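**Q** As a plain string of letters, each chain reads:
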Amino acid sequence: MSDATADDPNTGLSGAIWGQDAVKLTALVAGLFALYLIGGTLLEYGVRQQVNSIAQLLFYIAVFAMLALALNLHWGYTGLFNIGVIGFMAIGIYTTAILSKGAMVTEPAAGSTGGFGLPLWLGIIGGVIAAAVFGGLVALPALRLRADYFAIVTIGLSEIVRFTLLESSFQSIAIAGYYTGLGGGSGLILDFDPTDQFLAFFGLSETYVAATESIGTRLGLGSNPAPVLDGLLYGLLLLVFLIGFYMTLQRIGNSPFGRVLKAIREDEEATRSLGKDTSGFKIKAFMIGCGLMGLAGILFYAEQGAITPDAFRPRITFFVWIALIIGGAGSNTGSVVGGAVFAAFLFRGPLFVKNIVQETIEVDAVDTFGQAVAPIVGSANPVPFFVYTIDNMQQLQLAIMGVVLIYLMHNRPEGILGHRKEAASPIGLERPSISGSIGTTSSDGDSTETDEVTTDE
Amino acid sequence: MSDTEATDAATETAVSGRSDASVEDREGVETHDSDVERAAKHTPSSIPLRVEGLRKQFGSITAVDGANFTVEEGSITGLIGPNGAGKSTTFNCITGIHEPTDGTVYFEGEDITGLSPNRVANRGLVRTFQLARELEEMTVIENMMLAPKEQLGESLWRSVLPVARRSVVEQERDVLERCWEMLEFFEIDHLAQEYAGNLSGGQRKLLELARALLTDPTMLLLDEPFAGVNPSLEARLLEHIHELRGDGYTFLIVEHDMDLIMENCEHIIVMHQGSVLMEGSPAEVRSNEAVIEAYLGGDVE
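If you're matching them up, the sequences are chains V and U in order. The first sequence begins at 1 in our numbering and counts up by one. The second sequence begins at 458 in our numbering and counts up by one.
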């Protein structure tokens, strides 16, 4: 085993690990889709509904996985306790909205606001930069604080962002002849469609429109298949972004830069004493993470047609934290797993289960808590209580998340993949073969060692 | 051992030279000349570390109160003193973890007072900690690979961009090889893939010293390197320190074990109540009344 230092095991090894992880993630997502399709069959969904449900699942898996990945850079790698995720998402989408909304050069009617009419891709870049720069501004003073105080600053900040968006004095303002603004409590209408713009950008609009009809009839989507396929296309687009996130963050993590971040997480003072300028590293990592959160925020809301400040309450921040904790902080693969599992089981799952149960079991609705509890006490009949519980699944969702979180904290605080040894280096860290004396052993030894490392969980 | 004795003799002459100077002090007129002579004799290169009038206050408590000492190049110098004498605070002030209230620290002739710890470390003055500060949830080899200076991959864009990353990978191979060599030198290469947090106390101390060496220091400050280390590991650690001294490294060691210091250091600085009580060879320290008093229940107010 120890002499299995065959010629260059390093690239082969890291390649194998990545391959394995990619396979695992694909299998996981495919499995989740299968579950939802089975559920859809139980619900007697038509093809249209099935495609819709998959598209929605894909959307939520992608956004939560992206957000968990960005948070993993902060918390999992650098140990920065950021509980202001939603604030950076809000800055991202609001900046994009203002930059890319249709321009209004004459005073608009009350309640409507314009933008600067820039192309959407410019708006997206602007949004990412705005989130990153804002993160940098926060980081300069706040990164000197202890972890817990830093957390307070970030959550306070995300609320400040939300209240700023609500502020009526910024509702509509004129900048250089453009009538724009944050829209106040009524928010902003997003008069751009990212999928359309994406297709137009690559000159594919007409091909797509032509294709929708034929694909629609072939799949049996019924009349007007465009909205369904649009949703699916947007989901796939997000999947591409997710792969981009994952690869970028894997590269950051598996590099000397990522190594310093990990060291800062473990012990900042010791890292400084080894000659690393930790504040520089922390600011960079924080800004990158904030930029990615901004991008995830843009992708989350861009397709929704409108944004209001109410959508940017801290709850999504905690959803992302739950996703990261489930998956395992410190592992990028774990973050994606966490995002997917969270989206499928905790975020979408309860409502889906509710639909299935209500569809398959025919019972009379129970309207009040009293009606639900009385039979248990009176005649030991739990059915009405069960029905009532299922009926209120939306409200129970948060309670379920809480229970899962408590269970995880007690029994598996490191998450699904948080215990893995993922070498923070672009190469494998086995003993390098010394001057080729024993370096030319068979490749069998190489592959067994690879297996050993990758299955080392 | 004979080597140590020879240097003992050398330091003795140095010390006697100094006491001559203080005699001249009392004589008045000639003081000035001899001061200049002495300054000239101590060129910066032979005295890598010089601490002058170092003072550190925490609120109303004065932890270090005007400490003056020098460490000679290529020596193993011991810094001893009873609990609360200000040894660790002195270390922290030298390495930039605390900013001194007053006084100056010179390293290789340059003023490094108040520089941040990373700057101090990058100049070649690297420390280890009293409680080993291994990076627990990183493997031993990752701990090691963190240390080398000027790693290309520490720049973000180089780590991410496809073509630039090649140079990073290239350098990583060299770094990896150096790290393995160092692990082998310290005989902890069998632990390379373990989490550093799983190591025993002694192994952590070895890891910390090995890691510090990878930063290419010229001088090492070791804060109680033998605390909680079993005798055989202690012997190994000492062996390494002597071997490294032979390679030209300078050591300043804080330690409580008097016998160990007496046997292994050619020069000893004794601190008491925040200032330097005396400096000298082990023999001089052993026979010094004030030192005995400080250690054996003197007035510790």
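Hints were generated in silico from the structure; no laboratory data involved. Some hints here could point you the wrong way.
To give an idea of the chain U side of the interface with chain V (calculated C-beta under 10 Å), a few residues [to be verified]:
#, residue
1, G553
2, P605
3, L690
4, R693
These numbers come from a predicted model, not from an experiment. All C-beta atoms in this analysis are idealised placements derived from N, C-alpha and C, irrespective of residue type, glycine included.
**Q** Look at each hint and say if it fits the structure.
**A** Structure-based check of all given hints:
no., hint, in the structure
1, G553, "8 Å, holds"
2, P605, "9 Å, holds"
3, L690, "21 Å, violated"
4, R693, "21 Å, violated"
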